[in-house]
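Going line by line, the protein sequences match chains H and R.
Plus 155 on top of the position in the first sequence (first one is 1) and you've got this note's numbering.
Plus 681 on top of the position in the second sequence (first one is 1) and you've got this note's numbering.
Since the hints were derived computationally from the structure, they do not count as laboratory data.
Heads up, some of the hints might be wrong.
[To be verified] Here are the simulated SDA-like pairs of lysine to any residue, each with C-alpha atoms no more than 25 angstroms apart in a straight line:
(1) R:Lys732 with H:Glu307
(2) R:Lys712 with H:Arg387
(3) H:Lys288 with H:Arg159
(4) H:Lys355 with R:Ile719
(5) H:Lys355 with R:Lys732
(6) H:Lys288 with R:His739
(7) H:Lys366 with H:Lys288
(8) H:Lys366 with R:Gly688
(9) R:Lys712 with H:Tyr243
(10) R:Lys732 with H:Arg387
(11) H:Lys355 with R:Glu705
(12) R:Lys712 with H:Leu244
(13) R:Lys732 with H:Pro330
(14) R:Lys732 with H:Thr273
(15) R:Lys732 with H:Leu244
(16) R:Lys712 with H:Pro330
[Claimed, not checked] If you want the footprint, here are the derived chain H segments under chain R, 3+ residues with CB under 8 angstroms:
(17) 207-217
(18) 352-363
All values reported here derive from a predicted model rather than from experimental measurement.
The C-beta atom is built at its ideal place from N, Cα and C for all residues, glycine as well.
Listed below, chain by chain, are the residues.
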Amino acid sequence: MLGRATRLTQAIAGQPKEYVCLMRLHGDVKREELLDALREFVGEIYQTPPIRSRVARRPRVRVVYELEVLEFEGRDVLFKALVSGGTYLRKLCHDLGLLLGIGAHMVELRRTRSGPVTEDQAVSLLELFAAVKAYREGEGRWLEEFVRNPEELVSYLPKVEVLDTAVDAVCHGAPLAVAGIARLSRRIEPGDLVAVQTLKGELVALGRAEKSALDVEEGGIFVNTDVVLMERGTYQSYWKGRWRPQEI
Amino acid sequence: MNVLRYGDPFGEQAREMITLIEAETDQRYGKPPELRTIEERLEFGYVAIDKHAGPTSHDIVNSVRRVLGVERAGHGGTLEA
Numbered sequence: 156m157l158g159r160a161t162r163l164t165q166a167i168a169g170q171p172k173e174y175v176c177l178m179r180l181h182g183d184v185k186r187e188e189l190l191d192a193l194r195e196f197v198g199e200i201y202q203t204p205p206i207r208s209r210v211a212r213r214p215r216v217r218v219v220y221e222l223e224v225l226e227f228e229g230r231d232v233l234f235k236a237l238v239s240g241g242t243y244l245r246k247l248c249h250d251l252g253l254l255l256g257i258g259a260h261m262v263e264l265r266r267t268r269s270g271p272v273t274e275d276q277a278v279s280l281l282e283l284f285a286a287v288k289a290y291r292e293g294e295g296r297w298l299e300e301f302v303r304n305p306e307e308l309v310s311y312l313p314k315v316e317v318l319d320t321a322v323d324a325v326c327h328g329a330p331l332a333v334a335g336i337a338r339l340s341r342r343i344e345p346g347d348l349v350a351v352q353t354l355k356g357e358l359v360a361l362g363r364a365e366k367s368a369l370d371v372e373e374g375g376i377f378v379n380t381d382v383v384l385m386e387r388g389t390y391q392s393y394w395k396g397r398w399r400p401q402e403i
Numbered sequence: 682m683n684v685l686r687y688g689d690p691f692g693e694q695a696r697e698m699i700t701l702i703e704a705e706t707d708q709r710y711g712k713p714p715e716l717r718t719i720e721e722r723l724e725f726g727y728v729a730i731d732k733h734a735g736p737t738s739h740d741i742v743n744s745v746r747r748v749l750g751v752e753r754a755g756h757g758g759t760l761e762a
């Protein structure tokens, strides 16, 4: 992430991840038994972070959205997993082994997707270097393709589109009131991370929903601004003197 | 069937929008993301880097910063675990 887009780190961490994982079973099972066990792990599961981890070791709810067996040969299982951010695949393999009663461990793991970013979008440093060189020589086509808009990174978050008149206040960190909203995603629940955007589709800020989209008629504060992405003064300010941000 | 599925990982169901006010946007301010120049995206954008075993994410970020000549860069995790 470049420039102000570095502030999106937190939003990316929580997004679903896709992996291709190689698991080795410690005993022999039939294909049906394996699939039955996998079925138990699709949906909401509890995971305690491993001992060597940077986060508090309490059980957390993680979601396994998709499991697909790609190859099953002897004791080796190659599978694809689509899981919520923060799910440990090593732990999943271990727990799967326990359920099967034979034990299992993770041999290899490759992340193939992180939120909206897929493997085939990725470029090597060398390609990037070549693109920069071409750009300096007047051919910007490749760099144009490689350097993407940060809006793509939050394309999966629920959206709140604000009126031009509300944009600058949000840029100053003010909470967003219903009166400043033009359009919003239908499914927003209190506490959800939402992307605040302009009517032109520019990302203004990320914030937490104060209430459900279904209760929007009540008015009042709808989003508490968390991370501001847009530069102050991009839009005209209409709020001066009414709400004063604390300067840090 | 080898694919087992649950839920709505990418919020497909959340796509639908509710309109509260039909509003226009003033073209004098801001700019639709698709019209941003490369220079603007270097200040507000991202690059998906194919990272192979070896250099750490931190090394990669440093290289990207140097290659692109930008001051600020960070990473949001790796594609390869």
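Hints versus structure:
1. R:Lys732 with H:Glu307: holds, 20 angstroms
2. R:Lys712 with H:Arg387: holds, 14 angstroms
3. H:Lys288 with H:Arg159: It holds: about 24 angstroms lies between the C-alpha atoms, which stays within 25 angstroms.
4. H:Lys355 with R:Ile719: holds, 18 angstroms
5. H:Lys355 with R:Lys732: With a Cα-Cα distance of about 33 angstroms, the restraint between Lys355 (chain H) and Lys732 (chain R) is violated, given a limit of 25 angstroms.
6. H:Lys288 with R:His739: This hinted pair holds, its Cα atoms lying about 23 angstroms apart.
7. H:Lys366 with H:Lys288: Violated, at about 49 angstroms.
8. H:Lys366 with R:Gly688: Holds, at about 22 angstroms.
9. R:Lys712 with H:Tyr243: violated, 40 angstroms
10. R:Lys732 with H:Arg387: Answer violated: Lys732 (chain R) to Arg387 (chain H) is near 34 angstroms, above 25 angstroms.
11. H:Lys355 with R:Glu705: holds, 9 angstroms
12. R:Lys712 with H:Leu244: Distance ~41 angstroms between Lys712 (chain R) and Leu244 (chain H) Cα, so the pair is violated.
13. R:Lys732 with H:Pro330: Violated, at about 38 angstroms.
14. R:Lys732 with H:Thr273: Holds, at about 13 angstroms.
15. R:Lys732 with H:Leu244: holds, 20 angstroms
16. R:Lys712 with H:Pro330: holds, 23 angstroms
17. 207-217: violated (count 0)
18. 352-363: holds (count 6)
Violation of the numbered hints given earlier is confined to hints 5, 7, 9, 10, 12, 13 and 17; the remaining hints are satisfied by the structure.
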